[in-house]
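The lines below spell out each chain.
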Amino acid sequence: MILNIALRELRSLFLSPLAWIILGIIQAIMAWKFLGLIDYFFSIQADLIKIKDAPGVTDLIVAPLFDFSKILLLITCPLITMRLLSEEKQSGSIKLLLSSPVSMTEIVLGKYLGALLFFMIVILIIGIMPLSLLSSTDLDMGKFAAGMLGQFLTIAAFIALGLYMSAVSSQPVNAAAGTFGLLILFMIINIAGNATTEGNNFFNYISITHHSIQMLRGIINTADIAYFVLFSLGFIILSIRQLDAQRMQN
Amino acid sequence: MSAIIQAQHLHKYYRDNHAVNNVSIELQQGEILGLLGPNGAGKSSCLQMLCGVLAPSEGEIIINGADLLSQPKQAKQAIGYLPDKPPLYPELNIEEYLNYAAKLRRIKKSQIRNLYQQAIQRCGLEGYNKRLIGNLSKGFQQRVGIAQAIIHQPSIIILDEPTVGLDPIQMIEIRKLILELGETHGIILSTHILPEVQALCSRVQIIHRGQSVFNKNMLELKQSNKIKLRLQNAPELSLIKTLPNVDTAEQITDNTFLLNGQKLLATLANISQQCVENNWGLLELSPVENNLEQVFINLTSGDETQDSEQAA
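Protein sequences appear in the order of chains A and B. Numbering that gives the first Met the number 0 puts the first residue of the first sequence at 0, with every later residue one more than the last. Numbering that gives the first Met the number 0 puts the first residue of the second sequence at 0, with every later residue one more than the last.
Take these hints with a grain of salt, some might be off.
Stated by the list, open to error - EDC-like, lysine to aspartate or glutamate: derived pairs with alpha carbons at most 20 Å apart: (1) B:84 <-> A:105; (2) A:32 <-> A:58; (3) B:72 <-> A:58; (4) A:88 <-> B:172; (5) B:108 <-> A:105; (6) B:137 <-> B:66; (7) B:72 <-> A:105; (8) B:240 <-> B:276; (9) B:227 <-> B:246; (10) A:88 <-> B:90; (11) B:221 <-> B:276; (12) B:221 <-> B:288; (13) B:137 <-> B:125; (14) B:137 <-> B:172; (15) B:107 <-> A:243; (16) B:129 <-> B:94; (17) B:107 <-> B:94; (18) B:137 <-> B:83; (19) A:88 <-> A:243; (20) B:215 <-> B:30; (21) B:175 <-> B:83.
Because the hints were derived from the structure by calculation, they are not lab data.
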């Protein structure tokens, strides 16, 4: 049932121009950034040889590319997630789901999975680009895989937050604005942590950036994975509760 | 026969507004129940509670023996619901949409094809399989909405104002469809079009200000204790009053009388005989049927004027 809802969501996405526009724009911008990074790598290649244990192609191209892609994911995620529930509430089509023998959990998980599948396509096309370097050089596949995992966990957390905002609001635009705001807050909240020496652990801990940056360096830490899983799970559960509460109060 | 819907003492509060106040609704198999009421009376809230879209603040809903609150999946399986605005996805075509609706109702894959064909055939959507829902006219969208509600062949169909916004021909077609469906399903339909109720429903329940103020069989509703009597040689009103079982009588025109009496209908033959014996020239002797419109206005308009006075 979850899969049915997810596939319908994905199908509707690809029937609208939005999904294609997002895929196209992301691909174009990432390609430009990718070329820029390769140029930069060529320009410093000569100096790199002189350094002992110099950073490799993966560190200088793949990691910055993935780091940059987070900005694009941050911008596009609210555009996709804002529709998930609030558009259905606005158009009344949510009544089809609510009157069907489907639980709130299945509705929310189906919606979540639908958006996640879409963004898996997005991070896949971002990931394929650096793989093209394999034809001429070696990549550190471990670091590459860690980077991909980081992207996946980051977008999984973004979507969960966006879904919750969509569950709260009955206007898609409000959901998008709320998601933007909160996502940026979660990205930069560790700035406060860096400024103070005391208590910086807490701000660092709740920041998305702090946890995703490690994976770009190839470090997979259980604490980071736990953070993303808890973050996503937390907002999914809040969405289910929100939907249930709305049924009680209308 | 046990009821397929048994909703007892439903209440719904929206903040301070007591929108539904102690309404009980029952539905039998093969019955078409008309839920009537002025705008904002609480009809839609009642229907939404019956199909699980809204949770009642108080009360109990049993559908086909399953409690809607504790066994929602089992209960909702038996329901097809068409909200006031059909719950459509404009970007899908009719086939995709109805297949999705069938899957949501947990229909087995092997049966979907068959049920889909039956649903589009019943709703007159054959040949439109690949048409985008967003491009359809209002009447066709309404039909897709009904198809969505019947595709899993539920025992209960709940229709919220199914003919609003349709042209007269579409209206007649949808009504025909509802009558057809009523033979095999239990149907609840809400509307404020009175002739529609008269044409379709076997029972009428009127909801006013969140309360159920009337709940009668269509036959019972029509039945009254009144007889219209038209005579060629009309005698004095006092003589008319002496006819058997007449409690009160009034003269409407020179030769027409309205008789009222508890057992009047049983003694029609007696009355006609007396008229003939007295040589009054019997022209017409007919029972007067209660009019739904009158009942509706009597029950709901009294408060409306109060409202407007208060508002003024």
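Going through the hints against the structure:
Simply put, residue 84 of chain B and residue 105 of chain A have alpha-carbon atoms about 24 Å apart, too far for the 20 Å limit, and the pair is violated. Restraint check for residue 32 of chain A and residue 58 of chain A: satisfied, since their Cα atoms lie roughly 15 Å apart, inside the 20 Å limit. Annotation: proposed proximity of residue 72 of chain B to residue 58 of chain A is violated, straight-line Cα distance about 52 Å (limit 20 Å). Between residue 88 of chain A and residue 172 of chain B the alpha-carbon distance is near 30 Å, which puts this suggested pair outside the 20 Å criterion.
For the given pair, residue 108 of chain B sits about 19 Å from residue 105 of chain A by alpha-carbon distance, which is consistent with the 20 Å threshold. As the CA atoms of residue 137 of chain B and residue 66 of chain B are separated by approximately 35 Å, the hinted pair breaks the 20 Å bound. Between the alpha carbons of residue 72 of chain B and residue 105 of chain A the distance comes to roughly 12 Å, so the proposed pair stays at or under 20 Å and holds. A distance of roughly 16 Å separates the Cα atoms of residue 240 of chain B and residue 276 of chain B; the hinted pair therefore holds under the 20 Å criterion.
In summary, the hint linking residue 227 of chain B to residue 246 of chain B is supported, as the alpha carbons are separated by about 14 Å, within the 20 Å threshold. A hinted pair counts as satisfied when its Cα atoms are at most 20 Å apart, and residue 88 of chain A with residue 90 of chain B qualifies at roughly 16 Å. Between residue 221 of chain B and residue 276 of chain B, the direct Cα distance comes to roughly 31 Å. Violation of the 20 Å bound is thereby established for this hinted pair. Taking the CA atoms of residue 221 of chain B and residue 288 of chain B, the gap is near 5 Å; set against the 20 Å cutoff, the hint holds.
A hinted pair counts as satisfied when its Cα atoms are at most 20 Å apart, and residue 137 of chain B with residue 125 of chain B qualifies at roughly 17 Å. Annotation: proposed proximity of residue 137 of chain B to residue 172 of chain B holds, straight-line Cα distance about 14 Å (limit 20 Å). Of the supplied pair hints, the one linking residue 107 of chain B and residue 243 of chain A is violated, its CA atoms being roughly 27 Å apart against a limit of 20 Å. Distance hint between residue 129 of chain B and residue 94 of chain B is fulfilled; the C-alpha atoms sit about 6 Å from each other, no more than 20 Å.
A hinted pair counts as satisfied when its Cα atoms are at most 20 Å apart, and residue 107 of chain B with residue 94 of chain B qualifies at roughly 16 Å. The suggested pairing of residue 137 of chain B with residue 83 of chain B holds, with an alpha-carbon distance near 12 Å, which does not exceed 20 Å. At most 20 Å may separate the alpha-carbon atoms for a hinted pair to count; residue 88 of chain A and residue 243 of chain A meet this at roughly 13 Å. Of the pairs offered as hints, the one joining residue 215 of chain B and residue 30 of chain B holds, with about 12 Å between alpha carbons and a cut-off of 20 Å not exceeded.
Pair hint residue 175 of chain B plus residue 83 of chain B holds up; C-alpha atoms about 19 Å apart against a cutoff of 20 Å.
Checked against the numbered hints listed earlier, the structure breaks hints 1, 3, 4, 6, 11, 15; every other hint is satisfied.
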